[in-house]
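Since each chain sits alone in its own frame, please combine them into the complex, following the hints.
Below are the chains, spelled out letter by letter.
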Amino acid sequence: MLNYRDFALRKLASIAPRYLPFADVATEDVPLSRLLRLSLFQITVGMALVLLMGILNRVMIVELNVSAALVAGMIALPLLFAPLRALIGFKSDTHVSALGWRRVPYIWKGTMYQFGGFAVMPFALLMLSGYAEAADAPRWIGVSSAALSFLLVGAGLHMVQTVGLALATDLVKEEDQPKVVGLMYVMLLVGMVVSALIYGALLSNYTPGRLIQVIQGTAVVTVALNLFAMWKQEARDRDVARQMELAPKTRFQDAWRNLAARPGMVRLLAVIGLGTFGFGMADVLLEPYGGQVLGLSVGQTTKLTALLAGGTLIGFGIASRTLTRGGIPVRLAIFGALIALPGFASIILSSLIDTAIPFLLGTFAAGLGAGLFGHATLTATIRNAPNNQIGLSLGAWGAVQATCAGVGIALAGIVRDIVVVMPAFAGLPASTPYNMVFIIEMAFLAMAILVAIPLLLRGTRLKAVNARSKPMEAP
Amino acid sequence: MSDDPEKVWPTGLNLKEAEEVHSYLIDGTRVFGLIALLAHILVAFTTPWLG
Chain A
617 MLNYRDFALR
627 KLASIAPRYL
637 PFADVATEDV
647 PLSRLLRLSL
657 FQITVGMALV
667 LLMGILNRVM
677 IVELNVSAAL
687 VAGMIALPLL
697 FAPLRALIGF
707 KSDTHVSALG
717 WRRVPYIWKG
727 TMYQFGGFAV
737 MPFALLMLSG
747 YAEAADAPRW
757 IGVSSAALSF
767 LLVGAGLHMV
777 QTVGLALATD
787 LVKEEDQPKV
797 VGLMYVMLLV
807 GMVVSALIYG
817 ALLSNYTPGR
827 LIQVIQGTAV
837 VTVALNLFAM
847 WKQEARDRDV
857 ARQMELAPKT
867 RFQDAWRNLA
877 ARPGMVRLLA
887 VIGLGTFGFG
897 MADVLLEPYG
907 GQVLGLSVGQ
917 TTKLTALLAG
927 GTLIGFGIAS
937 RTLTRGGIPV
947 RLAIFGALIA
957 LPGFASIILS
967 SLIDTAIPFL
977 LGTFAAGLGA
987 GLFGHATLTA
997 TIRNAPNNQI
1007 GLSLGAWGAV
1017 QATCAGVGIA
1027 LAGIVRDIVV
1037 VMPAFAGLPA
1047 STPYNMVFII
1057 EMAFLAMAIL
1067 VAIPLLLRGT
1077 RLKAVNARSK
1087 PMEAP
Chain B
201 MSDDPEKVWP
211 TGLNLKEAEE
221 VHSYLIDGTR
231 VFGLIALLAH
241 ILVAFTTPWL
251 G
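First to last, the sequence lines map onto chains A and B.
The numbers in the first sequence follow this note's numbering, run straight up by one, and end at 1091.
The numbers in the second sequence follow this note's numbering, run straight up by one, and end at 251.
Hints should not be assumed to be uniformly reliable.
What the hints assert, rightly or not - Covered by chain B, per the in silico footprint, the following chain A stretches (three or more residues, Cβ under 8 angstroms): (1) 711-717; (2) 743-757.
What the hints assert, rightly or not - With a straight-line Cα cutoff of 27 angstroms, these simulated BS3-like cross-link-like pairs (lysine-lysine) come out: (3) K707(A) with K725(A); (4) K725(A) with K865(A); (5) K216(B) with K627(A); (6) K725(A) with K627(A); (7) K848(A) with K795(A); (8) K216(B) with K789(A); (9) K707(A) with K848(A); (10) K216(B) with K707(A); (11) K725(A) with K216(B); (12) K789(A) with K848(A); (13) K865(A) with K216(B); (14) K795(A) with K627(A); (15) K789(A) with K707(A).
As the list claims (entries may be wrong) - So these bits of chain A aren't anywhere near chain B, every CB distance computed over 12 angstroms: (16) R674; (17) S683; (18) V736; (19) L764; (20) A817; (21) I828; (22) A871.
I should point out that these hints are in silico values taken from the structure, not numbers from a laboratory.
The beta-carbon is built from N, C-alpha and C at its ideal position, and this holds for glycine as well.
So that you can see chain B by itself, here it is in the shape it has in the complex (with noise of 0.2 angstroms):
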């Protein structure tokens, strides 16, 4: 493991390793934020707090 060139340091995870925790974390922001966004959307509707 120690001698892989696209080791990434120091998580010891090579690039694309890297590159694939990264992506679900992306995806996770974006799910969430989509969620948050209708929730409020929802919540506006119901008790409007702006106006």
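Only chain A is shown next, with the shape it has when bound in the complex (with noise of 0.2 angstroms):
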């Protein structure tokens, strides 16, 4: 009797281990096919962002008739969330966990929140829409339960995309890094093509009834993929454990002040905060300027989507080749914007001159612009981090990244209802609000160029002091 009972136990106990969400041990070596599967989060995070940013607008004005007022409101919300990115960096940084985990048990947390508010979102909408019976209800309980729905979203994919880049950076050597942010990104904009493709398709014929299966779906699609991708991602360590209990408590100010005391980072971070607004304004306003100004169908506009988005891959590979052969960010950061430079004068230009063709080289060069400047920047963070506040830099780099991006499609789309509403705009041409929106753009790449180029400098200059001192050391 005994001896089946052990038998049993011994049997349970070997297979085990492998239905648990640990590795077995920190390898040397990362595998690509782990990092492709960690690098599934960035597809859930494309998701939502498509789903919050595009389709839920559309839908809520469209479908749901909410006031453009509320929905602006409520698509703002989850951007409250991104400045918080650097804590929630940071508190994985120092998490005490018994099983030496530092990310997993944030990715699974954010993974939670949006879920859950996936999961509520499509009654808060309705809620909100007054549909059916809940046009008696009072009506801050649909206000209160959507923006509830938009903040668990938003708090959610700020955090997991966070924490995941963190999970990514601290997996593989530095050498590789440039490789894993390259996939990353391009796992992003997949995420987001791809969705966006589906739920247009999807949401093409609008019910009800379909509005919360879509948005159910893509609650359960992201818990899949994101436990999928988290899984025996990192190693349950008793030693890291016992470390973790005994570090000193660090406080977050602290910990800030060190990250920002660092030579170069507070510009770095401006650096990025600049280029990203610049480039997220041109998102949201080349298919409007494509259509309205140069007469361009819907199809045709749709394709110039996929232009941008091609260029932003070329970017995106380019880079990865370069800086994988020791190629500096901070210099194909500024290359990045240069590019761009001259692609949006040569859409401003099309307007002009009324023809398509400098329309599409610039879409394509602002797309290459922003592949190589998203990918060197994030880059040059991971690089600049200190090793045991890679979450921190990540975090910072996130909500500068987020807010910038978010404040300038933001904007963007401000200008364009503007250009909706009074298409007369006192006699002037249809292009030129637009016109107004790219120069400014063209000025805010500018400004980053000359924020970046004192790092470049400073950064060669240490590379010769270092050249030079390397010789006498050697002997």
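Structure below.
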């Protein structure tokens, strides 16, 4: 009798670890398949971004008849959470866990928030629009529950992205980091493009039931992909757990001051903010610009987005190759902004001479520049991060990047809406307001370049100093 | 690992580790429970199914 029990337990013990979410050991080399699996979390982030920023605002305004001001407020809510990314990253750096886990608990929590937000969101939106019996219910219930669901999704996606990127950085060696950054960016882009197409197809025949299915389907896919992504990624390590317990408690302010004191860190964040703001405004405006100013059809403007995304993809590819071979990230970022400047200029030009070719070239250049700039600045942030503060650094990057991109997109949307409301604009051609925005973008990119140049100079000077000092040390 | 006195058979986790894994389960149940409750209340407002 006892032998059976012993046998069963022994069998259980031998198979159990396979079904637990730990990596067996922290291996030196992480295979590409594992990194690909980890990068799936970026697809869920892309899905959530597209749904929040692109799909739901149209559904709320067109199909649900919610007022535009309320919609704008709801969409801005996730942005409020973006600056807190730095805090999330810091908390994951200093997390104390008996399992030796730092990142996985936060990815899991973020996933739960995303799921929760999506699970409640369709009903909250139907309440908001006064669907069926909801018209009799008090108004604050719909508003507050919709706000809660947007906040939950926003909080979740910021958490998942910050900590997920930190985990990816933890996993690979320093010389492979550019590849990982490229992979993460590509997956985000793929997630956004593919989910935009799928959402568009699914919601073309809108019914309330379809809305519920689509959003809750997103919730399920999010949990499934994120679970699959983080499964067995972080090793269970008792030594790390012991170190975590013994580590002195640091406060966020001290850690932040420490990070900001690193040479070039604040300047790099400023470059990221300015550049991202400049690039972010273009995304929303290119399609209506092509339609209204150049008279392109809907199918043609959709191809525009593909052109922009294709340029961005090529930019990621070039940046990955160059940086893996020892290129300087800041120089590449400046290069990206420099490519985009004539791109935007030729977009403006196309409205003056009324042909589409310079517009297409400009769109491609803007995409290429955005890809180079985004990849290079993220790689620079990771390279500049102290070893024990990778989460905080990536949090700071995300806070600046998400806030500026969001504000840029929102501002561009406002400009576009102003254009739609008053098409005459005192007798000026329809292209004038667009061109003004493109000029503002160029100004921001130029500022980003100017701020980045001292970084580049200091970087090369440091390198020169190192090169000079090395031969003396070597013998 | 095998001579750890706090080892919990058969998973190979010690007590603290097992408790932490369990805490994730508990937290998840709480959050999902609250979300489900909220979703049911909202559905009840839009399409009442009781009375």
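**Given pair status - K795(A), K848(A), alpha carbons within 27 angstroms** = 21 angstroms, holds
**Request:** Would you check the hint for K707(A) and K848(A), treating anything up to 27 angstroms between C-alpha atoms as holding?
**Result:** The hint holds at about 21 angstroms.
**Prompt:** Going straight from one Cα to the other, do K725(A) and K627(A) come out at no more than 27 angstroms?
**Reply:** Distance ~32 angstroms between K725(A) and K627(A) Cα, so the pair is violated.
**Request:** Starting from K795(A), check that the Cα of K627(A) is at most 27 angstroms away, please.
**Result:** 41 angstroms, violated
**Request:** Examine the segment 743-757 of chain A: at least three residues should have C-beta closer than 8 angstroms to a C-beta of chain B.
**Result:** Holds: 7 residues of the segment 743-757 of chain A have a Cβ under 8 angstroms from chain B.
**Request:** Just double-check I828(A) for me: nearest Cβ-Cβ distance to chain B has to come out over 12 angstroms.
**Result:** 9 angstroms, violated
**Asked** Straight-line Cα separation of K707(A) and K725(A) no greater than 27 angstroms?
**Response** 13 angstroms, holds
**Message:** Tell me if the straight-line CA distance from K865(A) to K216(B) falls inside 27 angstroms.
**Reply:** Given that 27 angstroms is the threshold and the Cα spacing comes to 20 angstroms, the pair holds.
**Prompt:** When you check the alpha-carbon spacing of K725(A) and K216(B), does it fall within 27 angstroms?
**Reply:** At roughly 20 angstroms apart (the allowed maximum being 27 angstroms), K216(B) and K725(A) satisfy the hint.
**Prompt:** Any Cβ of chain B at or closer than 12 angstroms to L764(A), or is the non-interface label fine?
**Reply:** L764(A) is in fact no farther than 12 angstroms from some Cβ atom of chain B, at 8 angstroms.
**Prompt:** V736(A): least C-beta distance to chain B exceeds 12 angstroms?
**Reply:** 5 angstroms, violated
**Item:** Non-interface label on R674(A), tested against every C-beta of chain B at 12 angstroms
**Value:** Holds: least Cβ distance 21 angstroms, greater than 12 angstroms.
The structure fails hints 6, 8, 14, 18, 19 and 21 (numbered hints given earlier, in ascending order).
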